[in-house]
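Fit chain U to the given chain W structure using the hints.
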Amino acid sequence: MSAIAAKDWREFVRDRRLVIAAGLMLVLALLALALSWQRVASHEADRAAAEAGDRQTWLEQGEQNPHGAAHFASWAFRPLTPTALIDPGATPYAPTAIWLEAHSRNTGNGRPIEDRAATLDLGEFSLAWVLQTLAPLLVFVLAAGLVARERERGTLRLMLASGAKAEAIVRAKAGGLARIMLAITAPLALAGAAAVLLAPAGMTGDQALRLVLLGGAYALWLGLFLAIGVAVSALAGRTDRAMLVLAGVWLIAVPLGPRLAGTIADIAAPNSDARAFWAQMDADFKNGLPGDPDAKTRSAALKEATLAKYGAASLEELPVSWDGVSLDASERYGYKVFDRRFAELHAEQDSQRAAMRLAALVSPLAAFQNVSAGLAGTDLAHHRHFTDAAEAHRRVAVNQLNADLIANGAGKTYEGYNADRRLWEAVPAFAYAPPGVGVLAGAWLLDLAILLAWCLGGVGLLVFAGRRLAREGA
Amino acid sequence: MLRLLRHDLRLLLRDRLALLVLVIGLVVTALAVANGARWIDYLETSRADFLTRTEAAQAEYRAKFAGPEWTDVDSADAPYTTKRSFAFPVPVLADFTIGRSDIEPRMAEVRMGYRADTLFRNYQIDNPERLQRGRIDLSFVAIVVAPLLLIALGYGMLASDRDSGTLRLIAAQAGGVGRLVAARSINRLALVIGPLVLGVGMLLLTGPADPARMTAALLWLGAALAGIAFWWALILWVNALRVTAETSAFVLIAAWILLVFAAPPLINSAAQALNPPPSRMVQIVESRRAEQQATETYKNDHGTDGLAELQRVKDVIAQYQRISTAHDRAIRPLNDAFERQLAAQQRTVRQAQWLSPPMTVSNTLAAIAGTDATTYAGLRTASFAYLSDYQAALTRGIADNRLFTLADHDALPRFQPPPAPAPGWLGVFWTLLVTGVAMALALSRYRQLTLN
Numbered sequence: 001m002s003a004i005a006a007k008d009w010r011e012f013v014r015d016r017r018l019v020i021a022a023g024l025m026l027v028l029a030l031l032a033l034a035l036s037w038q039r040v041a042s043h044e045a046d047r048a049a050a051e052a053g054d055r056q057t058w059l060e061q062g063e064q065n066p067h068g069a070a071h072f073a074s075w076a077f078r079p080l081t082p083t084a085l086i087d088p089g090a091t092p093y094a095p096t097a098i099w100l101e102a103h104s105r106n107t108g109n110g111r112p113i114e115d116r117a118a119t120l121d122l123g124e125f126s127l128a129w130v131l132q133t134l135a136p137l138l139v140f141v142l143a144a145g146l147v148a149r150e151r152e153r154g155t156l157r158l159m160l161a162s163g164a165k166a167e168a169i170v171r172a173k174a175g176g177l178a179r180i181m182l183a184i185t186a187p188l189a190l191a192g193a194a195a196v197l198l199a200p201a202g203m204t205g206d207q208a209l210r211l212v213l214l215g216g217a218y219a220l221w222l223g224l225f226l227a228i229g230v231a232v233s234a235l236a237g238r239t240d241r242a243m244l245v246l247a248g249v250w251l252i253a254v255p256l257g258p259r260l261a262g263t264i265a266d267i268a269a270p271n272s273d274a275r276a277f278w279a280q281m282d283a284d285f286k287n288g289l290p291g292d293p294d295a296k297t298r299s300a301a302l303k304e305a306t307l308a309k310y311g312a313a314s315l316e317e318l319p320v321s322w323d324g325v326s327l328d329a330s331e332r333y334g335y336k337v338f339d340r341r342f343a344e345l346h347a348e349q350d351s352q353r354a355a356m357r358l359a360a361l362v363s364p365l366a367a368f369q370n371v372s373a374g375l376a377g378t379d380l381a382h383h384r385h386f387t388d389a390a391e392a393h394r395r396v397a398v399n400q401l402n403a404d405l406i407a408n409g410a411g412k413t414y415e416g417y418n419a420d421r422r423l424w425e426a427v428p429a430f431a432y433a434p435p436g437v438g439v440l441a442g443a444w445l446l447d448l449a450i451l452l453a454w455c456l457g458g459v460g461l462l463v464f465a466g467r468r469l470a471r472e473g474a
Numbered sequence: 475m476l477r478l479l480r481h482d483l484r485l486l487l488r489d490r491l492a493l494l495v496l497v498i499g500l501v502v503t504a505l506a507v508a509n510g511a512r513w514i515d516y517l518e519t520s521r522a523d524f525l526t527r528t529e530a531a532q533a534e535y536r537a538k539f540a541g542p543e544w545t546d547v548d549s550a551d552a553p554y555t556t557k558r559s560f561a562f563p564v565p566v567l568a569d570f571t572i573g574r575s576d577i578e579p580r581m582a583e584v585r586m587g588y589r590a591d592t593l594f595r596n597y598q599i600d601n602p603e604r605l606q607r608g609r610i611d612l613s614f615v616a617i618v619v620a621p622l623l624l625i626a627l628g629y630g631m632l633a634s635d636r637d638s639g640t641l642r643l644i645a646a647q648a649g650g651v652g653r654l655v656a657a658r659s660i661n662r663l664a665l666v667i668g669p670l671v672l673g674v675g676m677l678l679l680t681g682p683a684d685p686a687r688m689t690a691a692l693l694w695l696g697a698a699l700a701g702i703a704f705w706w707a708l709i710l711w712v713n714a715l716r717v718t719a720e721t722s723a724f725v726l727i728a729a730w731i732l733l734v735f736a737a738p739p740l741i742n743s744a745a746q747a748l749n750p751p752p753s754r755m756v757q758i759v760e761s762r763r764a765e766q767q768a769t770e771t772y773k774n775d776h777g778t779d780g781l782a783e784l785q786r787v788k789d790v791i792a793q794y795q796r797i798s799t800a801h802d803r804a805i806r807p808l809n810d811a812f813e814r815q816l817a818a819q820q821r822t823v824r825q826a827q828w829l830s831p832p833m834t835v836s837n838t839l840a841a842i843a844g845t846d847a848t849t850y851a852g853l854r855t856a857s858f859a860y861l862s863d864y865q866a867a868l869t870r871g872i873a874d875n876r877l878f879t880l881a882d883h884d885a886l887p888r889f890q891p892p893p894a895p896a897p898g899w900l901g902v903f904w905t906l907l908v909t910g911v912a913m914a915l916a917l918s919r920y921r922q923l924t925l926n
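Here the protein sequences come in this chain order: W and U.
For the first sequence, the working numbering gives the first residue as 1, with consecutive numbering after it.
For the second sequence, the working numbering gives the first residue as 475, with consecutive numbering after it.
Don't read these hints as lab results, they were simulated from the structure.
There could be a bad hint or two in this list.
Calculated lysine-lysine pairs in the BS3-like style (CA-CA distance at most 25 Å, straight line) [to be verified]:
hint : chain 1 : residue 1 : chain 2 : residue 2
1    : U       : K557      : W       : K286
2    : W       : K296      : U       : K557
3    : U       : K538      : W       : K296
4    : W       : K303      : W       : K336
5    : U       : K538      : W       : K336
Examples of chain U residues lying across from chain W (beta carbon under 10 Å, computed) [claimed, not checked]:
hint : residue
6    : I498
7    : N601
8    : P892
Quick reminder that beta carbons are idealized off the backbone N, C-alpha and C, glycines included.
So here's chain W without its partners, still in its complex pose (with noise of 0.2 Å):
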């Protein structure tokens, strides 16, 4: 069996057109690295210059108000670790700044795409660009003729004739085809390899162990195509016809199958009109959460509840900043809405995630890109693991700042009370620090059982297509 994965590499290096197709996706697939490369460098030096900047700016902002200092606020810049590089996932249509002011939880500025002149967009160029799109296709091309070609020339017959195994030949084309493949993909595991590990941010442990699962997936990835491909080249009868399918397979699985799901999802799960979004929470403070009391209530209540807690007769008898308490209260119900009304749409996105496997059913990818994004830290879960991050912090600040405002803002007009850099260097500056690659895993793990479900199919494919040419034979 050795001999026919022997000939197949030597058919394969004979075939200038399927070098020259291998070698187009080698050079892609470089360039796309190198790309990525210099757009990941370039974000993570600018983000270093604009986190540095940012707090210079906040220090010296002068004197004034607290809370005018909560609504000049910070910002928060999201970065990209190393396996980034790799796999952009839902990256470039995800913000990468956020404002984190006072009474508002932003949800961020700056997406990527929004910045590029695409009205064609099939994708981001990228590694896992080449390798989820342009490489099972060149698997599909490699295959399609591999049991096929033998059939129309003749040979399958002579090998059926000379006591070799139906099974056995298709197990050693796939076999073969394996081969090939790992010639062809290990410069780019290599090259991928290397470029994480001189990316600026550096290397951990953790994007060691991404890497390596990321190879993993890529390795079950191109395998299901692998096994898909020569499996129908053996129950066709032509390699044409093999070529046909294996196109209209692919056309369905990659270029279709995301934008079926995403179909699906605009149609199960629509996405919130962002102005509706915004105004329902301005309702929601105005006229209170569903069985809270409206603005006025509330502030009366927190009036009558401060006077009794400070045995004052009048808020100019508080012994702390009326406005502060008030604002801190605001903001604080504020907190309240916004977990509220932010919980409901990011149950909005799982509902989204949640429709787009269902076309999984017909496209692999669907669930794989979950996967590949997943492991890479460039995933929905990632990006709000970020965002949720960058809150937990404005809200830090704003308490912090409200209570200095509550503690020295006593019986001053709002421009009578300043606070200064010591107050300002108080205030911790924002410090992501992404999560390990278990911590968001529960995201992805339902897309890995869909892709390894997918897996046993081509290889039960496979099987079956041994066993229907040794009952057919040639």
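Chain U in isolation, oriented as in the chain W frame:
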């Protein structure tokens, strides 16, 4: 010829592959139509809801302004509390080509203190994963799916017969290679174009009753058909070469990959690498520095203690306006540099798109639909100009320490969208030229095929 057409159609419909192509074409078109109809309805509804909600609030505000309880302090504060809202028009064929309509801002409120960099904010609540997956629209069908379906039907149109040695016989029965190619072309093209035309008709019937849509849809269909013609010419040319059906399929799929799938991301990436816009993060930091410099004595929006006195309110408002204007002036060059780089990216894409006729057609379809980068850049520029006019009107309203009046309020400008830019047809002409050349080459080779 009609008999030949009917005969070929019968044979074609007996082929499972042709039926599969028809089914895929119909299913994908149905999805595109459903998605497009839902999308334009969403755009129309969200626009109407926003304008209704904000204009009702503005009308209520105006009624208070004109009412008896309105005080001079309210008037002094009015430049800050007054708002205007605007929404971009819904792109005429957003249901045909979703394009950038799902990532660009579509509406905003304008008030004192808003700047070009904060005019559109918090509109980015969409699920980034959902956006990453993309959407199926008619453009996707015309540019991505239809060519592959055509390749499936046409790769072996003559090559298969040549492989089996029956080409001469079949061509002789048909009365010549030309007649055979014509009959097979018409039937195969109909099988792929049919669902697309059906989709266009369905969207026209179900979409908004806008008289401009019919003309736009016809232009859109014309451009889409030019793209399909390009692929058919390529298929005919490859079939005219003396290659096997397998090689024909290989070459055509490789061409599709290269022109449709690889070229756009590659060209877009190259355009961005060659014209990198200033970093958004740098822009943010520069903006904050400018704000800090312009705000030394500015107190934020909760100076209610001080707002008791009329003059104080006037001062605070005037100071705020001066600071905002100074800030806007300071960061405008950076914003302009950003827009210039985006325009440069688009120029690079336009220059490089000649390498890929499908990309030129795709860009033309988006331009006709009003969902392309140029249209949105024009709308953004118009909205920034409107913002400047609005702020200038506010500044005039509070000049010389005078009170902002109801007349000033009513005289605040309203947003006027710019006329939609005319789509460039050079790309389509280029596609037709390439199509003509490929077709001429194919026909000249077919003429050389003799039947004896």
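We went through each hint and held it up to the structure:
1. U:K557 - W:K286: 18 Å, holds
2. W:K296 - U:K557: 23 Å, holds
3. U:K538 - W:K296: Cα-Cα ~20 Å, so holds.
4. W:K303 - W:K336: 20 Å, holds
5. U:K538 - W:K336: 32 Å, violated
6. I498: 8 Å, holds
7. N601: 4 Å, holds
8. P892: Where the cut-off is 10 Å and the nearest Cβ of chain W is about 19 Å from P892 (chain U), the hint is violated.
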